[in-house]
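Asks: Sequence:
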Amino acid sequence: MGWIYIEDLKDHIGESVELRGWVWRSRSSGKISFINFRDGTGFVQVVVERSTLGDEKFKSVRKLPMEASIIIRGKVREERRAPGGVEILAEDVEVVREPSEPYPITKPDHGIDYLFDRRHLWIRSRRQFHILRLRDKIIRAIREFYWDRGFVLIDSPIFTGSIGEAAGNLFELDYFDYGKVYLAQTGQLYLEAAALAFGKVYNLGPTFRAEKSKTRRHLIEFWMNEAEVAYYEHEDNLKLQEDLVSHIVRYALENAMEHLEFLGRDIKKLEKVEPPFPRITYTEAVKLLQKKGFDIEWGDDFGGDEETAIAEQFEKPVFVTHYPRRAKAFYMQPDPDNPEVVLCDDLLAPEGYGEIIGASQRIHDYDLLVDRIKEFGLPIEAYDWYLDLRKWGSVPHSGFGLGVERTIAWIAGLEHIREAIPFPRTLYRVHP
RNA sequence: UCCGGCGUAGCUCAAUUGGUAGAGCGCCCGGCUGUUAACCGGGUGGUUGGAGGUUCGAGUCCUCCCGCCGGAGCCA
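So the first sequence is numbered by the working numbering: it starts at 459 and just counts up by one.
Think of the hints as simulated: they come from the structure by calculation, not from any bench. Be a bit skeptical, because a hint or two may be false.
Said to hold, decoys possible - SDA-like cross-link-like pairs, simulated, lysine to any residue; straight-line CA separation at most 20 Å:
(1) Lys727 / Ser704
(2) Lys832 / Asp846
(3) Lys489 / Val505
The task is simple: from the sequences and hints, build the whole structure.
Replies: Dropping the structure here:
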């Protein structure tokens, strides 16, 4: 009788097995008890009969509270009446540890604040089980995508000097005698260095924004996947993003259907996400918004409502390209046909999930980049090594950043991005 | 930071115009051999977020503070 996991039960029908895990919920009558049992890989119903265990043992087992840790030995059998179609008929129940007080998360009717105060326990719940396992699979899909295309993983640093997109939203720390350093809000500049060394590179890790954002689309600490490719221009960049996002969605449909179904996701909407994605220029988007009655002028950036209004015109994610250069970061390559706009794109997810990718072709000309750093009022001395990249072997190159939690929230159909990460850091929450 | 909303039992919520603070769940005891958020009977449970004020009387009205939720700006 060997120890197995719930996820492998279907290969052991008719066998006697051992499962190690926890009581999720239980119901009982005088002679039969049902335990909803979990072991981290899934949930299964265990049937405990008084006639099998004996009066005394049955009495103690039927009283086991939620989150008692137990080892079950019993026979696996198919059973129509059991959730999932398979159940365990217990032959023995060994109690590892019984809780000393009632488990605080009972029925699914707790408030969001209560639950996040107990996030360390809440992640045991079924909904969180499915969301966080879906996250695991989406990250697997991202890594697989790059591995299959010969990209090299280049992890960018978390501690950085004063460098990046904007100074106003950086977390500042003391770094021994060096002085102030900052938590990374992007690894892009490092990936640009790496692209000139390895050709095709990507990263995947946490980034930090000291923005007092308090919406369903924002986290203070969030994970980003960035990619950068030497010799890629704007059009190549769009194609890569399109391929990545459709790969992730297809992977989820093929490998995570169990989670999507539990979460009640409308699968049909995800099945439509296949290349090519629609494209609209910034200028066209402004006209579209004006026609819909938005008070917006050429040159303004889009807010959440504007993004949603654009995205709802399409069933797939939509690229918005060629933004005004003043609305975007200093390093973006001007459009040769119109230098007032840059070769960039935002990818907007459908159904109001907002921007999941920000992307651009980067300036590769030394003098132009210096001009832009000055124009944006940035300290040129902080960009010494970044400018070096334009001195030696500079080539056109492009890249993007994918917001991992926004992507998960969209694919899972979540109301709020905070459920898409195990321990979210939001404006007023760093505990647990 | 700004705008709006909400703080009542361990949890989720009720409480007519200002007039005796309640229910369901949880927990404890008992019953039930197929439960699916099991069900049935009994029991347990309160400084109504805090401080002050108005009033014969405040969960309810006023002021300040604290906490949370939603949104805006900013962004992935």
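Asks: With the threshold set at 20 Å, check whether the alpha-carbon distance from Lys727 to Ser704 stays at or below it.
Replies: holds, 13 Å
Asks: Quick one, are Lys489 and Val505 close enough, alpha carbons at most 20 Å?
Replies: Roughly 11 Å between the alpha carbons, so the hint for Lys489 and Val505 holds.
Asks: Is the hinted pair Lys832 and Asp846 satisfied, with a Cα-Cα distance of at most 20 Å?
Replies: holds, 16 Å
This entry satisfies every hint, going by the numbered hints stated previously.
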